[in-house]
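Based on these hints, arrange chain B on the given structure of chain A.
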Amino acid sequence: MNSGTQGERDWRSPQFRRAVGEVVVVAGASLLIIFWVIPAQTTPGRELGLSPQLIPTVCSAAIGLLAVFRFIATLLSVRPAEAIDAAPFRYAIGMIAATAAGIAAITYLGWPTGGAILSLLVVLMLGERRPLILGALPVSVAILLYLIQLTGI
Amino acid sequence: MENVLLGAGDAFSLSAIIAVFGGILLGYIVGVVPGLSRPAALAVAVPLTYYMSPISAIAFLVGVTKASAAGGATGAIMLNTPGEPSSAATCFDGYPLAKAGKAAKALKIALYASVFGDMVSTLVLIALAMPLASFALKMGPVEMTAVMIFALTFIAALSGDSLTKGLIAGLFGILLATVGLDPESATPRMTFGMIELFDGIPLVAATVGMLAFTEMLVQSENYLRARKSGEEIQRMELLPDDNGVSLAEVREVAPTTIRSTLVGIAAGIIPGLGPTIGAFLAYVVAKKFAKPGDRYGEGDIKGVAATEAADNAVLPASFIPLFAIGLPGSVSAAILVAAFMMHGVVPGPLIFEQHPRLMYGIYVSMLLASVCMLIVGRVGLTFFARIGSVPAVIIIPMVIVFCTFGAFLEQHAMFSVYAMVVLGVVGYVMQRFGYSVVTFLIGFVIGPLFELSLRQAIIVTNGRASAVFEHPIALGFLVMAIAAAIFFTKPAAKFADAQRGGS
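Protein sequence lines correspond, in order, to chains A and B. Counted from 1, the first sequence has number 63 at position 63 by our numbering; the numbering is strictly sequential. Counted from 1, the second sequence has number 232 at position 232 by our numbering; the numbering is strictly sequential.
Isolated chain A (complex conformation) (with noise of 0.2 Å):
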């Protein structure tokens, strides 16, 4: 939220911007359960005892006011901003993908197969081209799949 210099704020800089894209999430994310979510998927109860609603509008609104607090008190700290030295993203959502696609081969093909497929997918996402590992894992999580299956788990 600040540059270097104490007190003083750059309003462009990351951590500015990284503070309103988080409350801009988390307290519409509450609005949203509080007034689409939870009136949309809740049946109200009847007249015995409390609302149904009750709890989860309680917990939703009290995120939502503590993410604004949060924000609030992000715009007034004088703490200098930390660096933020993180991976990019496309390392995460490549290996969610190779996952998400091992876990449908394993929903058509079943798991020994989709099992082998999952693994190799996800071996090549984190960079292997050696065919030694490539072809050793896949047939290891497909026996042991297989075994497993045989024992009737």
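Any given hint could be a false lead.
[Unchecked claim] Label pairs and their computed distance ranges (CB to CB):
(1) A:I93 to B:M1: 58 to 68 Å
(2) B:A254 to A:I93: 45 to 55 Å
(3) A:R130 to B:I18: 53 to 63 Å
[Unchecked claim] Covered stretches of chain B, as calculated for chain A (at least 3 residues, CB under 8 Å):
(4) 427 to 438
(5) 471 to 477
Hints are computed from structural coordinates only; laboratory data are not their basis. Backbone N, C-alpha and C define an ideal beta-carbon position, used for all residues, glycine too.
Relative to the frame of chain A, chain B by itself:
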């Protein structure tokens, strides 16, 4: 007495002993290999116990948890890379000892201190849990609600660098725990018409996704980054001039080990502190008691004993609030709740009345696990020092396959697998932006109990907030929660910085 003997008999059955040994072996491997954390391994291991008897299942998981704490020291001593975050403080003296050619000595001291801390803490658990449970049975819903608010505030404050982010994560956990049928009216809540969600979000899928799958995403990021920057992967090696531990050295480290065990027990009982903080605190206390000639930070065996004794003392002590009031004080305890529930046992004060035989069996299994840990750790010292070099390119795919299979086993439905991936992605985003996954998970686990207590409290007090003044215990816990929130608002960030910096 009959239940004690029956429980001991169950714990000494062949299947339970094999389960303990298997758990210890797996736990050591998890502890030694950097990047495989204890909660992640525990989350993956829970579904594997589905077909075991309750006593074998809990014994297996206790074995995994205990041994991973002990195994974490291997990487810390040999590579200056802790296998577990809680072993980070072991690096301070363990690595200098290894550089001086005394790696085997440091590993042995770490093992003996771990076993001592674990054993004493287990005995304290046995002595305290049942009397506290009897006391907890006298507490009403108002008190229980206040205790949970206090615990969640404390955990939120200590598990990350921001109290507000911790609270948001914990509340998010409680919010997701409300998905499913309403406990009073049995009407669906936020199920989006999916019958699979009527029983709520599957607990095992949530733990596996949030801990294990999230961690694999983070590990793959680290691996790819290191690969791109051309970092070399270190290898563990025991030097031939390593030596043993003499009786004089045992006497030298004994007072430090005892003190650190007590620190670890305290850190275990207080919700949220956990093994990492316990180990660092024990190291600080050990330094405070340093005598002239002690060389903390330069390779003193007392430094290794201090951190390892405390690290291992935390886990059994963290079971005290779990067994006494059903409140998981650490993420490992929260995961064990999933295991208990999978076997039809609800942790809490009634557990001693409803399942006395199982509880005594668990106690005996925990003591047995301490002895197994000593044997496996001592016999496999050289072996464990070598397997730390297993490459991430093998570990990550295997763990992801086990994540999917483990999530599937809970309900034998692909829905659990999809839920695991979705929650894993949510966990990754939360972690990336500094929202504690641990606090989320504890909120998710205590969510149903919290909702029940809060609803009962509102009914009992007719919705009057002022009624809390008629419940002094509840009032005390609420005051402590507010005090903790004020106290930790800024120091939490400082503490997190200190932990990261290893100071």
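Against the structure, the hints:
Between A:I93 and B:M1 the beta carbons are some 59 Å apart, a value that agrees with the proposed interval 58 to 68 Å. The hint said 45 to 55 Å for the Cβ distance between B:A254 and A:I93, and at roughly 52 Å that hint holds. Taken as a hint, the range 53 to 63 Å is violated for the pair A:R130 and B:I18, whose Cβ atoms sit roughly 36 Å apart. Counting residues of the region 427 to 438 of chain B whose CB lies closer than 8 Å to any CB of chain A gives 3, which reaches the minimum of 3, so the coverage claim holds.
Restraint check on the region 471 to 477 of chain B versus chain A: 0 residues with Cβ-Cβ distances below 8 Å, three needed, restraint violated.
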